[in-house]
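Student: Sequence:
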Amino acid sequence: LVVGGLRPERGGRREDFFPPEARPAIREAVDQVLRRRVQVEQDIKLASDGEDRHYELRGVPIFEQDQLLGAALRISDVTARRSTEKHLLEVVSRERQRMSSELHEGLGQQLTGISLQLRAIATRFRSGRPVPVEHVAEATGQMDQAIVLTRDRARGLSPTQADRGSLSDALSGPAAEAS
101 LVVGGLRPER GGRREDFFPP EARPAIREAV DQVLRRRVQV EQDIKLASDG EDRHYELRGV
161 PIFEQDQLLG AALRISDVTA RRSTEKHLLE VVSRERQRMS SELHEGLGQQ LTGISLQLRA
221 IATRFRSGRP VPVEHVAEAT GQMDQAIVLT RDRARGLSPT QADRGSLSDA LSGPAAEAS
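The working numbering numbers the first residue of the sequence shown as 101 and each following residue consecutively.
Mixed in with the good hints there might be a few duds.
Stated by the list, open to error - Simulated restraints, written as ranges between beta carbons of each label pair:
#1 242 to 148: 23 to 31 Å
#2 164 to 131: 40 to 48 Å
#3 208 to 149: 18 to 26 Å
#4 215 to 254: 17 to 25 Å
#5 167 to 191: 27 to 35 Å
#6 254 to 130: 49 to 57 Å
#7 188 to 229: 20 to 28 Å
#8 188 to 227: 22 to 30 Å
#9 227 to 194: 45 to 53 Å
#10 134 to 253: 54 to 62 Å
#11 253 to 130: 52 to 60 Å
#12 174 to 121: 13 to 21 Å
None of these hints come from the bench; they were simulated from the model.
All C-beta atoms, glycine included, are put in the ideal place defined by N, C-alpha and C.
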């Protein structure tokens, strides 16, 4: 079977139907399916009109009562799917970089500041000097901000958390933010 293209004429040689550069891969697949009696999955990349085309070749032996009856071969043009997969991977990579930068520059910096404040408080406390309540309150306030920032980033990654409640609950938060 040839998916997404012309069909060979009945009685014609399959070799004549395929581009010459694809024939070795097809011969090998047919050999593995018929002689070795194994399932075959293979990717083929061909240049056509200056553009790369991607094909998936799948072959399956057909048995009845341990007797080989024949084989089913399928060649599918998966160029569009591969292009979509590549684009999706690029989008995911860019988003991961953005999130990494956002976490490093935002939350990471904020936690570093809190850590430095707490170290200063601990140093004062160990030396027996009084620790002003304002210093502890400031560190606590910054920690609260870090928690809010973390929650916002997590919500941004999963805006409708329907698995944790009802859909209306999940949508009420973004609706309130939008208004």
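Student: For every hint, state whether the structure bears it out.
Tutor: Each hint, compared with the structure:
no.: 1; hint: 242 to 148: 23 to 31 Å; result: 60 Å, violated
no.: 2; hint: 164 to 131: 40 to 48 Å; result: 21 Å, violated
no.: 3; hint: 208 to 149: 18 to 26 Å; result: 49 Å, violated
no.: 4; hint: 215 to 254: 17 to 25 Å; result: 21 Å, holds
no.: 5; hint: 167 to 191: 27 to 35 Å; result: 49 Å, violated
no.: 6; hint: 254 to 130: 49 to 57 Å; result: 52 Å, holds
no.: 7; hint: 188 to 229: 20 to 28 Å; result: 57 Å, violated
no.: 8; hint: 188 to 227: 22 to 30 Å; result: 56 Å, violated
no.: 9; hint: 227 to 194: 45 to 53 Å; result: 49 Å, holds
no.: 10; hint: 134 to 253: 54 to 62 Å; result: 56 Å, holds
no.: 11; hint: 253 to 130: 52 to 60 Å; result: 53 Å, holds
no.: 12; hint: 174 to 121: 13 to 21 Å; result: 19 Å, holds
Of the hints listed earlier, those the structure fails to meet are numbers 1, 2, 3, 5, 7 and 8, in rising order.
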